[in-house]
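**Student:** Chains as they are written, first to last, in our numbering: chain A, 1 to 293; chain B, 1 to 272; chain C, 1 to 290.
Careful, some of the hints might be misleading.
[Stated by the list, open to error] The following label-pair restraints were derived from C-beta to C-beta distances:
#1 ASP113/B with LEU81/A: 18 to 26 Å
#2 LEU102/A with ALA123/C: 33 to 41 Å
#3 ARG215/B with ARG187/C: 42 to 50 Å
#4 GLY118/A with ALA123/C: 44 to 52 Å
#5 ASP113/B with ARG82/A: 17 to 25 Å
Worth flagging that the hints you see were computed from the coordinates, not collected in a lab.
Just so you know, even glycine gets a beta-carbon here, dropped at the ideal spot from N, CA and C.
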Amino acid sequence: MTAYILNLLVLISVYAILSTTLNFIIGYAGIFSLAHAVFFGIGGYTAALVAMHVTPEFFVAVPVAMAAAAVTSLLLALPALRVRGEYFVAASLGLQVLAVTLFSEWKSFTGGIGGVIGIPAVELFGYPVYKPWQFLLMSLICLTIIIVIIRTLVHTSFGRSLKAIRDSESAALASGKNITVIKTLSVVLSSALAAVAGALYAFYMSFINVQSFMLDTSVLVMAMVIIGGTATVSGPLLGAALLMLLPSALTYLSFLPQTEIGSIQQIVYGMAMVLLMIFRPGGIVSSHPGGSK
Amino acid sequence: MSEQLMTAQETEKPASGSGFTGSTDAQDVLLEIRNLSKNFGGLQAINDVSLNLRAGIITTLVGPNGAGKTTLFNMITGHIPPSEGDVRWQGESVIGKAPWKIARAGIARTFQDLRLFTHMTVEENVLTMMESGSWLWQPGGKSRKAKRLDKVSQILEKTGLTDKRHTRALDLAYAERKFLSLARIMATDSRLWLLDEPASGLDPNSYNLFLQLLREEVKEGITVCIIEHNLDIVVNISDRIAFLDQGKLLADGEPQTILNDPALAAIYFGER
Amino acid sequence: MLFLQLLANGLQVGAIYALTAAGFSLIFGSTKIFHFAHGATFAIAAYLFHFALAGLGLHWTFAVAVSATSAVVFGVLLDRFMYAPIQRHEGSFFTVFVASFGIGIVVQNLLGSVFGRGFMSVATPLSNSVEVMPGLYLSPLNGLAIVSAIICFVALHFFLTHTFVGKGLRALSENPELVRTFGLSPRRLSTYAFALGSLLVVPGAIFTAAGTGINPAVGHHVMLISLAATIVGGIGSLRGAACAGLLIGVAENLAMWKLGTQWSEAITFAILFFFIIFKPSGFFGRATVS
Ligand SMILES: Nc1ncnc2c1ncn2[C@@H]1O[C@H](COP(=O)(O)OP(=O)(O)OP(=O)(O)O)[C@@H](O)[C@H]1O
Ligand SMILES: [Mg+2]
Chain A
1 MTAYILNLLV LISVYAILST TLNFIIGYAG IFSLAHAVFF GIGGYTAALV AMHVTPEFFV
61 AVPVAMAAAA VTSLLLALPA LRVRGEYFVA ASLGLQVLAV TLFSEWKSFT GGIGGVIGIP
121 AVELFGYPVY KPWQFLLMSL ICLTIIIVII RTLVHTSFGR SLKAIRDSES AALASGKNIT
181 VIKTLSVVLS SALAAVAGAL YAFYMSFINV QSFMLDTSVL VMAMVIIGGT ATVSGPLLGA
241 ALLMLLPSAL TYLSFLPQTE IGSIQQIVYG MAMVLLMIFR PGGIVSSHPG GSK
Chain B
1 MSEQLMTAQE TEKPASGSGF TGSTDAQDVL LEIRNLSKNF GGLQAINDVS LNLRAGIITT
61 LVGPNGAGKT TLFNMITGHI PPSEGDVRWQ GESVIGKAPW KIARAGIART FQDLRLFTHM
121 TVEENVLTMM ESGSWLWQPG GKSRKAKRLD KVSQILEKTG LTDKRHTRAL DLAYAERKFL
181 SLARIMATDS RLWLLDEPAS GLDPNSYNLF LQLLREEVKE GITVCIIEHN LDIVVNISDR
241 IAFLDQGKLL ADGEPQTILN DPALAAIYFG ER
Chain C
1 MLFLQLLANG LQVGAIYALT AAGFSLIFGS TKIFHFAHGA TFAIAAYLFH FALAGLGLHW
61 TFAVAVSATS AVVFGVLLDR FMYAPIQRHE GSFFTVFVAS FGIGIVVQNL LGSVFGRGFM
121 SVATPLSNSV EVMPGLYLSP LNGLAIVSAI ICFVALHFFL THTFVGKGLR ALSENPELVR
181 TFGLSPRRLS TYAFALGSLL VVPGAIFTAA GTGINPAVGH HVMLISLAAT IVGGIGSLRG
241 AACAGLLIGV AENLAMWKLG TQWSEAITFA ILFFFIIFKP SGFFGRATVS
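Given these sequences and hints, build the entire structure.
**Tutor:** This is the structure in structure tokens:
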């Protein structure tokens, strides 16, 4: 039982990192990306590769993973600078689909459909971390650091510039904001931090494949942000917890046919997205019900 | 033109009364628009306009709807590239420069539809205008930040928004929004203000506050170009009037000359 | 011969994409609603056609009627009870998109739970392929799909240019204010747009159900492709959506020939990605993108 709960908590913190970092660009920069799982994946594959062929040291694998995601995220920054709204969503969707194909075909990097097997336990200054509670502690610390980074950023001048661009790009330009730099920086930052989640996930599972980095994951993370509440700190955390607990909660409802649990979970969160958008578009944690971006 | 030359020497300081009858040629030209044109597909929105904005005075841009006034502003600030012509700011061309560079060079503007940062508070709206040079953080630390916040307080005081400091722009009343859009550019330290119909729809009280604010700022050395439809207001504030119609600059001169021209009045009131 | 075979398949698939994309484009152009659940409409139409024909054993004309009715009803209901309330209080692009995406997830999983998650297809006499040339197999369905797509486009064009409602829809996409001053209600027109746009998925849904087969994710796949086609063709341009749909169908199949199946979707989205970056207005799009 404790093993089960620990496992759930680790996964919640990994997804909370994803939703927090996605919220940074959706909620504050107005960049509605459907490609977040791509950077989750790049983080995971890179960390796995480094761990297997170089060293399983956390402070080597994770920075390399972050750097890889940061560089590739320029592919997402490019359309973010050129287009808005539906065009950008479509572009990010395109990137996501392309990435999935590459993940399944680029065998030397990702192991193809089969994935990467036998990722060694991560080490902190040479000490392997493999007990579930140790791992939970490590992911919670990562999550906390990331929350602090993002919280600090959105309260600085950088955060204000982001929000200004989100609310009116032309007015932000007229006030002297270098939109290119600010937007690119936000995308790079969000993606690099998402890679931390990927690295943690790879180390925790010791096996990863493309299945975890598909459009479904991007949508799930987006749903966490939206359902929890955009542009808030606690919203994405709450969203991650709720959506990760949902399947286990449903397993306890014994009258539900067990084979349908997956479907029912998806139906529930799909419905939640619809109803929230109609009645409370700011999400559950919304300081201003009825009118958030 | 010769008429203005004669009056130029007599009035050096803005006089009280009907307007700020500042002088003209004696002062230097801050912004120079040369043979500017803009085509939107087939539509000639601006047609070979040349106009000088002189330092320290209020130039009013008048003209019927669709005359191209906003388009002219958009080209000055770099939001829209011109089809032809040049805009020179303090002697240097700004054509092809990014809007944010032009803004940092000292040209601030408001928008006809305001474009406030709707989901940010009044304070944040103003504060962020002072932080355009910031990267991931604003250099200068706590003391500079305190100074900026002080300046925000002053600006909010002047614009009557002190009580609304922590209100989101979205939740402001109409007049308050207009003042916030002014407060935003007051924070920028720009030398030239381009105001796109800032007084439209203001109640008398707000209007008086606006006028007082404008006079103070001009006295401080701000140069203003303002788009305005209401002729009473135009008479009240203009040092100089430029008349635009269908993209063409029909006249540019002293308020009396322009306002007493029957041909322009006919166009303005739509009796073509 | 493989080339010809894939070209023929590509044309059929392309015709289906073109119709679905045209429906999406019509709805988006006139109402500015990013109707991602258009794919769900497709899936519903396909499954109910299958169910009516194979499950209930109805005559194919009834099955077509069932499919068409369900598509139109679903589209109109969404417009009335989901999009209208959202637009009333805010209607930012993303709010609409999230709700639409949500309903797509719900429909996909409901269909999976009710009809099963596997591949299904109904065999009709028309599905049987004959070898017309050595190595080139064609079924009457191939030709029928293309012919009905052409008929639909001609009918759609006539409707938009010659009927009052059609003209209203076109006006709505260009100038909503104008529509109001002409005494047409944008809300009413929106209903027509959804009815018509949803109807346009029906031929595609039927031919897919009777041809290559369907699974619950079919709507999602078709929607992604239609979205790509709509943007590559130029948002708001029916002609563009149709051409791009056809192009993508053919490109997808030819990609299979050279690169293998797994690359077909990637090719489509690579095209989309480059269009968005270098020519966001698409083939026939209006000049500016804000
Ligand atoms: N981005 C654009 N694309 C196409 N046409 C435009 C664009 N911006 C302005 N126009 C057209 O250019 C003409 C001039 O517009 P502009 O907004 O400059 O007028 P204005 O003088 O500011 O009018 P108003 O008093 O109504 O604000 C109008 O016919 C307008 O439709
Ligand atoms: Mg204007």
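**Student:** Each of the hints needs a verdict: does it hold here or not?
**Tutor:** Now for the hints, and whether the structure bears them out:
1. ASP113/B with LEU81/A: 18 to 26 Å: holds (24 Å)
2. LEU102/A with ALA123/C: 33 to 41 Å: Check passed, 37 Å falls within 33 to 41 Å.
3. ARG215/B with ARG187/C: 42 to 50 Å: holds (48 Å)
4. GLY118/A with ALA123/C: 44 to 52 Å: holds (46 Å)
5. ASP113/B with ARG82/A: 17 to 25 Å: holds (23 Å)
Of the hints listed earlier, there is not a single one the structure fails to meet.
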